[in-house]
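Protein chains in written order, with my numbering: chain S, 1 to 306; chain P, 1001 to 1535.
Take the hints with a grain of salt, since some may be wrong.
Sample of chain S residues lacking proximity to chain P, with all beta carbon distances greater than 12 angstroms (derived) [claimed, not checked]: (1) K7; (2) C40; (3) D41; (4) G44; (5) P71; (6) A72; (7) T76; (8) D90; (9) R118; (10) I184; (11) D190; (12) E231; (13) N265.
So the derived list for chain S, only partly shown, Cβ under 7 angstroms to chain P, looks like this [stated by the list, open to error]: (14) D34; (15) A91; (16) V169; (17) C174; (18) N175; (19) D178; (20) N186; (21) P187; (22) A200; (23) S215; (24) M218; (25) F248; (26) P252; (27) E253.
To give an idea of the interface, some chain S residues facing chain P are shown, with a C-beta separation under 8 angstroms as derived from the structure [what the hints assert, rightly or not]: (28) V181; (29) P213; (30) A225.
Rather than coming from a laboratory, the hints here were simulated on the basis of the structure.
Since the structure is predicted, the reported quantities are computational estimates derived from the model, not experimental observations.
All C-beta atoms, glycine included, are put in the ideal place defined by N, C-alpha and C.
Listed below are the residues making up each chain.
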Amino acid sequence: MFSVLWKALNTGVATQNYPRERAVLPTRFRGRPDLDVERCDGCGHCTASCPAGVIRLGRDLSGYGSPEPGPANRLTVDLAGCTFCGACVDACGRGAFRMTQEFELASRDRDTLVMVARLDGSPEQNSGTGPGRISDSPSSNWPSIDRVGEVLREKIGELFGRSLHIREVSAGCCNACDLEVQAINNPIFDASRFGIHFVASPRYADMLLVTGPVSRNMAGPLIEAYNATPEPKLVMAVGACSCAGGVFSGSPETMGGTDRVIPVNTYVPGCPPRPQAILHGLLMTLEREAPRFAKIVRRRESTPGA
Amino acid sequence: MTTVAQVPRLIEELSAELSNVVDVPGLAFKPTGTGRFSLGPGPDLYQRVVPFLVGKGGRLSTLVATDERSRTGDFLLRALVMFDHDGLIVEVRQNFSGRLPVLISITRYVPAAHWQEREVAEMFGFELVEHPEPYRHLQHEHTAWDYHPLRKDVSPMRPVPTAAGRPPPFRVVSGEGIHEIPVGPIHAGIIEPGHFRFFALGEKILHLQIRLGYQHKGVEKLFEGRRPADGTFLAERISGDSAFAHAYAYCLAIEDLANVQAPPRAAHLRALALELERLANHVGDLGGLCTDIGFAYGASHFGRLRAEFLNKAEALSGNRFLMGYCCPGGVKHGIDETLLQEIKGWIPRVRADFSDVADHTFSSETVIARMEQVGILSGRAARAFGMVGPAARASGIAHDTRRDFSLPPYQALGFEPAFESSQDVTARARIRHREALHSMELILHILRSMPSGPIRVPLTRFAPDRLGLGQVEGWRGEIVTCVIVDDEERLWRVRVRDPSVQNWIGLALAAELNTVSDFPLCNKSFNLSYSGNDL
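Excised from the complex, chain S in its bound form (with noise of 0.2 angstroms):
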């Protein structure tokens, strides 16, 4: 019994005082790739090796139509399904790609998620300012983790009585995924901290967290699980799969990603995305979602007899 006290007090406080500390990374850990537009001739190599198929080289589209005619002078990196394996920078020999070591990558817009680079020097080299863009791109209007934290603790407060509740909906994920949001609960990360718990039931849940490509024998569950959940509800996609497909994609047997069942809220890429990632996601789907869901509320509050 003192034994067990004399533990506790001697190993202190575990938890990380994420967002506020940052991440301490090891050296070798690889974020999101970074590509060098100026090093690119656009040889394709990296296309060939990349396990999730998310680096394409092409030409423009006029609209709908097929592309123009000519060398590709477009490089595109879908950061959705990336699995951050390096295989883009091992394959290079011209040191166009290089791992950087950002991972706070969520984004609640699919198509930010997409680095684009030009080959043929036109002037604009990214399509946005979300995690897809290239390093040295004009500074980006991304809110600030810290700025995300700070206003969350008040959001959730007003929005869901001091809480978020979550039910988790594995479907085809390599559990690599749900260990990580298995972590996010332990001392270190204590999601709890922030109002955020695991519900066993999506009949409370505010938000259905998914992970995994969608095998098609999880298609039917999943809607089934959607459903359930009362509105307003959320949805978020953790990991590569789930947010793209990853390195399933290409199996007819899975479904390429959550948002082909359901419509997605929050997109968290990462093969897995490490605990803070998921935490960063979930914070800043809050902020964002936030006015909508105050709406749905003074609309119930409003309605007689609610």
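Mind docking chain P on chain S? Use the hints.
Okay, now just chain P, sitting in the frame of chain S:
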């Protein structure tokens, strides 16, 4: 270790009795590699020789079917039987011809074949006869019944044909007061999907059936056509918690085809990574067991400790799950003196920390009272079903691939597996405790004896039409990966046998006659992979 030149006594004994079992002229065990022998192909070999070998102390480990119709006109089934005490692998081959070949099940004599036979039948379109449950195992009722994805004439890009079918029946246990409890596919915790059907009398589980396949992603088909080196990324994602072990088994298989051995330094680094993975998972499982019995002290401390191992894994490989670390021919990153010394200094600290928590947990009466005599799995059942890993070792089966088969560097380190004999949840918890301590000891040995030299060798040519075999003791048990490449050196067939395939039935048996409320505890004590099973 056995060399190809000398025929081991066991094989001589088996050869002497072979003619009593099958009457095929000229049939003999042919050496195919170090400690590996093959038999056949010949008619009826599967249903006659495999039960014979299992009766002689073999363990049916893996069934590998291939569609060789374009080459020989037939399907070929290989059954890998392991003789753990002798470190021998015997491959029994049989051809099957016809549009719907008939596979005569041996499950009634060799229960270990039960799920793999069903998998072979549905994936290759065999008619399974004499099997107690001849239903599809991984594909569900909404898939057309004549869809057999691993046949070569099924395009990997074609959408799966659907049908309006009905799920196969459960074996119903009926009687007064007996009720059915369906659980899943979506479970209450943050775990993978699967369906459990309990037949219970009050609180007591009379019978449990486990239906999986929800995680089926067509992984084996997805491998086909890739370059061998590119398959590693997919192998890592067969079961995320065993990412390294699966990648290691896959790399061993293709190194076998290229007839290359990873350099000694790479073998040491691979062993280091494998033990780190084992530690993270064993410690995490102990935490999970504590969670399931409401022992918050253990749950949070083991949860905290697990992160330590993941952090070291990340320092070594750049990924918390060691993804991207194993590569064909060796490992991706070396270890520098700083990291080596850091791990060396860290092990004694983390071992003391872990031992404190484990001692407190195992000396707590509340913990032992909940675990003891719960979820008993007899050694006889574990042996019959060919169970592997800690789950089998907790039932007294002292089998460990690290010792039994010549996987460097474990032999040089003088490794001995741990085993327990009480067969219950306590045994499976204690096995994890002891193996974790072993692994920390092993890591120190590995670091002390770290050889110098290269960490990677190139693989140039892959021998076509040969079965490349990789066998690794992951934290959950023996992983077997078989690889065959075609003439263009592209992957032609990859067979992955996760330990879960053999162990799921153990959970169903262990849960019987326990209370429904103890089921989560039994489940956690096995902690099997759904994804690795469903592929």
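Hint by hint, here is what the structure shows:
Not every Cβ of chain P is farther than 12 angstroms from the Cβ of K7 (chain S); the closest lies at roughly 6 angstroms, contradicting the non-interface assignment. Listed as a non-interface residue, C40 (chain S) keeps its Cβ farther than 12 angstroms from every Cβ of chain P; the least gap is roughly 22 angstroms. With a least beta-carbon separation of about 23 angstroms from chain P, D41 (chain S) lies farther than 12 angstroms from that chain, consistent with its non-interface assignment. Annotated as non-interface, G44 (chain S) keeps its C-beta farther than 12 angstroms from every C-beta of chain P; the closest such distance is 15 angstroms.
No Cβ of chain P comes within 12 angstroms of the Cβ of P71 (chain S); the nearest lies about 26 angstroms off, and the non-interface call holds. Here A72 (chain S) stays apart from chain P, with its beta-carbon at least about 22 angstroms from theirs, past the 12 angstroms limit. For T76 (chain S), the non-interface assignment is confirmed: its Cβ lies about 20 angstroms from the closest Cβ of chain P, beyond the 12 angstroms cut-off. Distance check on D90 (chain S): its Cβ comes as close as 9 angstroms (rounded) to a Cβ of chain P, failing to clear the 12 angstroms threshold; non-interface status is violated.
Consistency note on R118 (chain S): stated as away from chain P, and its beta-carbon is indeed over 12 angstroms from all of that chain's, at 28 angstroms minimum. The claim that I184 (chain S) lies off the interface is violated: its Cβ sits roughly 9 angstroms from the closest Cβ of chain P, which falls inside the 12 angstroms cut-off. Against chain P, the non-interface label of D190 (chain S) is violated: not every CB pair exceeds 12 angstroms, the least being about 9 angstroms. With a minimum CB-CB distance of about 19 angstroms to chain P, E231 (chain S) clears the 12 angstroms threshold, and the non-interface call stands.
Consistency note on N265 (chain S): stated as away from chain P, and its beta-carbon is indeed over 12 angstroms from all of that chain's, at 19 angstroms minimum. Hint on D34 (chain S) is violated. Least Cβ distance to chain P is approximately 15 angstroms, over the 7 angstroms limit. With a cut of 7 angstroms, the hint placing A91 (chain S) at the interface with chain P is violated, because the nearest CB-to-CB distance is about 11 angstroms. Here the hint on V169 (chain S) is kept, as its CB sits about 6 angstroms from the closest CB of chain P, short of 7 angstroms.
For C174 (chain S), the interface hint holds, the least distance from its beta-carbon to any beta-carbon of chain P being 4 angstroms, beneath 7 angstroms. The closest approach between the C-beta of N175 (chain S) and any C-beta of chain P is roughly 4 angstroms, which is under the 7 angstroms cut-off, so the hint is satisfied. Hint on D178 (chain S) holds. Least Cβ distance to chain P is approximately 6 angstroms, under the 7 angstroms limit. Among the interface hints, the one on N186 (chain S) holds; its C-beta lies about 4 angstroms from the nearest C-beta in chain P, closer than the 7 angstroms criterion.
At a threshold of 7 angstroms, the smallest CB-CB gap from P187 (chain S) to chain P is about 5 angstroms, leaving the interface hint in force. The interface hint given for A200 (chain S) holds, since its Cβ lies 4 angstroms from the closest Cβ of chain P, which is under the 7 angstroms cut-off. At about 5 angstroms, the closest approach between the beta carbon of S215 (chain S) and any beta carbon in chain P falls short of 7 angstroms, and the interface hint on this residue holds. For M218 (chain S), the shortest C-beta to C-beta distance to chain P is roughly 5 angstroms, which falls under 7 angstroms, so the interface hint holds.
At its closest, the beta carbon of F248 (chain S) sits 5 angstroms from a beta carbon of chain P; the interface hint therefore holds under the 7 angstroms criterion. Residue-level restraint check for P252 (chain S) holds (minimum Cβ-Cβ distance to chain P is 5 angstroms; threshold 7 angstroms). Evaluation of the E253 (chain S) hint against chain P yields a held restraint, the C-beta minimum of about 3 angstroms falling below 7 angstroms. Interface restraint check: V181 (chain S) against chain P, minimum CB-CB distance 5 angstroms, threshold 8 angstroms, status holds.
Checking P213 (chain S) against chain P by beta carbon gives a least distance of about 7 angstroms; that is within 8 angstroms, so the hint holds. Among the interface hints, the one on A225 (chain S) holds; its C-beta lies about 6 angstroms from the nearest C-beta in chain P, closer than the 8 angstroms criterion.
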